[in-house]
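Using the hints provided, position chain B with the ligand relative to the given structure of chain A.
In order, the protein sequences belong to chains A and B. Numbering-wise (the working numbering), the first sequence opens with residue 1 and increments by one. Numbering-wise (the working numbering), the second sequence opens with residue 1001 and increments by one.
Honestly, the hints are just simulated from the structure, not real lab data. Among the hints, a few may not be true.
[What the hints assert, rightly or not] When the alpha-carbon atoms are kept at most 30 Å apart in a straight line, the in silico BS3-like pairs for lysine-lysine are as follows:
(1) K1247/B x K195/A
(2) K222/A x K1047/B
(3) K1049/B x K301/A
(4) K1049/B x K1146/B
(5) K1146/B x K195/A
(6) K1256/B x K1047/B
(7) K1049/B x K1193/B
(8) K265/A x K1200/B
(9) K1047/B x K195/A
(10) K1193/B x K1247/B
(11) K16/A x K1146/B
For reference, the chains in residue letters:
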Amino acid sequence: MSTIWTLAEIEGGELKGITHELLTAARSLADASGSLKVGIVALGHEIGGLVPQLGSLGADIVALADAPSLANAPADVVARVVGPFLQGQQARTVLLGHTATGKDIAGRLAVRLDCGVIADATELAVEGGKIVATRSIFGGGMWSRAVAAGNGAVVTVRPRAVTPAPGQPSRSSETLTISVADGSTTRRVETLELKQETSTTVSLGDAEVVVAGGRGMGGADKFGPVETLARTLGAAVGASRAVVDSGWRPHKEQIGQTGRTVSPKLYVALGISGAIQHLVGMRTSGTIIAINSDAEAPIMKVANVAAVGDVHEIVPALVAELSRQGVGAGA
Amino acid sequence: MRVVVCVKVVPDTTEPKRLGDQHALVRSGVQGAVNPMDDYALEVALKWKDAQPDLDVVVLTMGPDDARAIIKKCLAKGADRAVLVSDAALAGTDAIGTARVLAAAIRKIGDVDAVLCGVRSSDGESAVVGPAVAELLDLPQLTTCKEADLDASARTVTANREVDGALEVARAGLPALLTVTKASFEPRLANFKGIQAANKKEILGWTTADLGIAPPARQVLVTAAGEPPQRPASQVLTGTAAEVAQKLAQYLTEQKLV
Ligand SMILES: Cc1cc2nc3c(=O)[nH]c(=O)nc-3n(C[C@H](O)[C@H](O)[C@H](O)COP(=O)(O)OP(=O)(O)OC[C@H]3O[C@@H](n4cnc5c(N)ncnc54)[C@H](O)[C@@H]3O)c2cc1C
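Excised from the complex, chain A in its bound form (with noise of 0.2 Å):
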């Protein structure tokens, strides 16, 4: 284990927040073991212009995979392209985020190695020169440390687990090139149509602060106070499954066990009864603030701030008092 690889995450030509948190953490395991180095796949087209930023951001190695047939590759090609170069490096650590970009590749490349999967790790460090992962399992009702026992293992981290530290413009990386076998990159899946959401908010797995809604905002035309709120905080609007079921919802902003798991700066939960299943899922943001007319609901114990009463009431006046502060000015 003399590097620890990760893979980046490039969208319209640019890193994505988790690859910035996935060489901060790589670059500090290695920095507080003396003698890893910290190498990063990037695979794509025309991808060579991000090379000295990943070197600035903490890689030693930039291993390029770049062809026009690469661009937007499907998991099973990427596993087909990074798994060989991978295993001609011995890599026993590999980085990815707990992403659905880092989950779809994850197994695939474990099986690669011939390796095993450590999921949604939030916290990882070095002891006797082995990493060591804590996850935190049952939706944040208990914690486990889990090591790689045999050959090694692809570690998936949990987005906004790590803090990215800001990149050193000096530090240079060495590159290699990842050569594309003839054939390894045939597409047996096709896009046929991409729907992004148009909507103007920020997307629940980057937030964050997320305000979510249940069944106490009282229906779907009362869910006001929630948007209010999000578009104030710069948030994203999150839900419970009840109001999901109801309808009054999307699926996609349903948070639980049966929905997302978030782990935001800031969870406001509005109405919200805090079930176990709802619990699950966002048990392990940083501040929780609930605002619910019954003082005993179980989200309430978990909430580091319990505010009693009407959400329909409550929330108009925090927002009145916010923008008198000046917050959400021009949101």
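Coordinates of chain B with the ligand only, in the frame set by chain A:
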């Protein structure tokens, strides 16, 4: 045509979870249920079967022998038969190991046109088993599908996928693997006729020896587990709406959250 639906029996989530030996989840004595996402995967297969009754829908589970009662519920809903891979040597198998066992079983079932999995399990939550099975069987994958249509004559499957902030319509040639997320429809319930029919359906029991594989070596070791540090006790705000709002705004500012 043949479809395999991978189903995991998970602890019913309304029961409190406990860790036992080697920090593994205690499963015995805990009420089991079909992993919710797998139920959606089964529903996708059964919808295909509604349209194409000769479709062979096989439910595949790796788990303890007492998973049979729960697999039977899948048969009662309309699956044709089931395979249960059960082997004492498989206790504590990690995600990639599980994928190796499932892939070997799918090979043994043979002539499989599509594999359906839930996007993730409610207890392991790694979301990597499906893609790992796809890699082992060299199949293309369509993950986080909300809906999927099977075109038997064109030998393709077209799915609506929920990807970060977007909805993608994608098509793969068969054979392919799909992972299914909470769909836009609810899984069906078994009716009386189905429950009776299930009694006559076959649940094959296989071991790793039947699959011709060694139990996968453990690649991940859990070394410690525990309770998270207690969150500080909640600060409770009461009073008139205006008072509560003012205290909230003050908290947000003080904590630099706005
Ligand atoms: C297998 C399974 C999976 C599940 N997965 C999920 C999941 O992924 N996500 C999820 O969220 N749930 C999930 N659930 C459902 C979960 O158990 C709860 O039913 C659900 O979370 C409740 O949603 P709620 O909090 O919005 O509604 P309720 O429980 O009805 O709570 C509404 C709350 O609003 C408060 N309220 C009412 N009026 C007002 C008002 N005017 N002002 C302020 N407060 C008010 C009430 O005091 C109450 O606390 C799952 C359940 C099962 C069985």
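A quick look at each hint next to the structure:
1. K1247/B x K195/A: Violated. K1247/B to K195/A sits at ~41 Å, over the 30 Å cutoff.
2. K222/A x K1047/B: violated (35 Å)
3. K1049/B x K301/A: violated (46 Å)
4. K1049/B x K1146/B: holds (17 Å)
5. K1146/B x K195/A: holds (14 Å)
6. K1256/B x K1047/B: Roughly 51 Å between the alpha carbons, so the hint for K1256/B and K1047/B is violated.
7. K1049/B x K1193/B: holds (17 Å)
8. K265/A x K1200/B: violated (54 Å)
9. K1047/B x K195/A: Holds, at roughly 25 Å.
10. K1193/B x K1247/B: Between K1193/B and K1247/B the Cα gap is close to 60 Å, so the pair fails against 30 Å, i.e. violated.
11. K16/A x K1146/B: holds (25 Å)
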